[in-house]
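**Q** Sequence:
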Amino acid sequence: MRFLTSISGLLLAPLLISTASCDDWTQAAGPSGDFIADGSAPLSFSVSRDESILWRVPLPNTGQGSVIVSGGRVFVASHAPTEEDAEMGSLVIGQCFDAETGKEVWRRELPGTRVTDLSSLFSDNTAASPVSDGERICFTNVGGSMKCFDFEGNELWSKQWVPFGRHHSRQHEPFLHDGKVIVVRVKPSALDPKVSTKAGAKPLGRDRAYWTWLHAYDLKTGKLAWVAESGTSIHATSLPGQLAGEKAAILTGRGGGHKPPEEPYGISLLNAADGKTIWDLGVKGYASHQNVCWNSEIAAMFVGQNHQSVDLKTGKIRDKVSLTQGVQICRQVDGKYVTESDQKLAASKKPITYQTNILVGDYHYFRTFSGFHIGRVHVSTGKVEYLQVPVQVVRAKNGEDQTLWNKAIPNDMRNAKGFLATQDKRNAGNGWGHCSAASPTVIGDYLYMPTMIGMVYVIKWNAPVLDDKALVSISDLGPAGKTWTLSSLSYSNGRIYTRTMKELICIGRAK
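According to mature numbering (1 follows the signal peptide of the UniProt record, and there is no 0), the stretch in the sequence shown is residues -22 to -1, 1 to 489, in order.
No lab work stands behind these hints, which were simulated from the structure alone.
For every residue, glycine included, the Cβ atom is placed at its ideal position computed from N, Cα and C.
A few of these clues could be false.
Below, a list of computed lysine to any residue pairs in the SDA-like style, where the Cα atoms sit at most 25 Å apart [as the list claims (entries may be wrong)]:
id	residue 1	residue 2
1	447	378
2	361	299
3	328	243
4	198	85
5	314	384
6	291	205
7	176	66
Here are the in silico distance ranges between beta carbons for each label pair [unchecked claim]:
id	residue 1	residue 2	range
8	311	10	36 to 42 Å
9	61	263	44 to 50 Å
10	440	184	41 to 47 Å
11	61	156	42 to 48 Å
12	63	321	44 to 50 Å
Using the sequences and the hints, build the whole thing.
**A** So this is what it looks like as structure tokens:
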């Protein structure tokens, strides 16, 4: 079965739109800190068929963080190489490549206090992406260290700490503001290394001494500039932005599974200059494993099976809409897409989305926990729309696409050398549901939504209706069953950069 006859001609065509932007991708959330960039990039690509792929480079081992592009260099972190099958690891390797050719320039080691399971669908020590200011690059080992280098690989400063061993998530991403790199960690203290495990940490309870907080470090010197007043859950992707009047702020959150101790569960708006709290909002049932999205007027969040908007000035909830009742669904019926209004979406026991949300224009996009739907909420009108998508499109060098709607081919979970790099059987799943998924990226008028099995759904985000016509392509980052990634897509100079367990990939049109 050829997928979607209405767009089949677009699936593998190396299309480009408008004029490329020259902005670098200096942090996981991009130059503006919200996963959104102006510019253009290929609307369809396939690593399986070598379509629109400029270069591919094997990586030393599995890894999760995003690719950073700055000053003609590409930076990425992986776990240290192994010479046999492995389940656990602590040492992280930071690498620098030439952005034009993919040639490796240098690599450096970042030790970790915590040994963690490799390729976890929730996190490992490579989950935090690097950040760069165009002159320096800072790598973070989630297992307890940071190192900053110049572009020639000379170490400028380093930090080490003992991470507190609660259940961990890949959702928090380091980001830059005003010359500072902002990360989440416990406050500096003399913790015993045994607390880096869940068993070692559990007896210590929920005391504030074991909370995690945003910390800001001067990128030039490594000096601690401030620690935030409000706690931040390890699950939360805190996002910077501008309030009305150009005041810089950070929105952060607390709550979620495994009883994170930071309270009250909900969100906080912080002054980006010093980490002081502007307001705290307690929200019962808030799960912070989502991007804490906001614009100059509202914060948009998912709470249970509802979508809520918060007034940025007051920190008060402004409106609430059901995500499951009276919604519009475009779904497959007898091999054709049909759009129906006033529908009921089956509710999930878990939060409706994990990490996959992005606020762009008037739309808050996300992937559903179950059912293989891409959803969006119009934040002004409250209209909720869903588009059913296949879980996987299987491609070979020659031959027709095979479209799988309900069950994906399990991952081999092998790195570039062919060694297993995993522990949990769930890691070989499809990347929907209970998974700390990669965040989507918006480039110009198009949203790129990757999944753990290497599918990338490309959506015209401002389409008037979220239906099959808004779905431009389902691209891929590698062969079905042999591709695993929790990395968001990065963008620079008309090219998309990303990584899988096996390789670093540059996507674009040949000059």
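**Q** All the hints need checking, so say for each whether the structure fits it.
**A** Evaluated hints:
A hinted pair counts as satisfied when its Cα atoms are at most 25 Å apart, and residue 447 with residue 378 qualifies at roughly 21 Å. Restraint check for residue 361 and residue 299: the C-alpha separation of about 8 Å stays at or below 25 Å, so the hint holds. A distance of roughly 17 Å separates the Cα atoms of residue 328 and residue 243; the hinted pair therefore holds under the 25 Å criterion. With a C-alpha separation of about 20 Å, the suggested pairing of residue 198 with residue 85 holds against the 25 Å cut-off.
Straight-line distance between C-alpha atoms of residue 314 and residue 384 comes to about 16 Å, which keeps the hinted pair within the 25 Å bound. Distance check on the hinted pair: residue 291 and residue 205 sit about 23 Å apart at the alpha-carbon level, within 25 Å; holds. Of the supplied pair hints, the one linking residue 176 and residue 66 holds, its CA atoms being roughly 15 Å apart against a limit of 25 Å. Separated by about 39 Å at the C-beta atoms, residue 311 and residue 10 satisfy the suggested range of 36 to 42 Å.
Between residue 61 and residue 263 the CB atoms are about 47 Å apart, so this pair conforms to the stated range of 44 to 50 Å. For the pair residue 440 and residue 184, the beta carbons lie near 44 Å from each other, so the given range of 41 to 47 Å is met. Look at residue 61 against residue 156: about 44 Å separates their beta carbons, and that is inside 42 to 48 Å. Range check, residue 63 to residue 321: Cβ separation about 46 Å, and the 44 to 50 Å hint holds.
Hint check: no violations occur; every hint is consistent with the structure.
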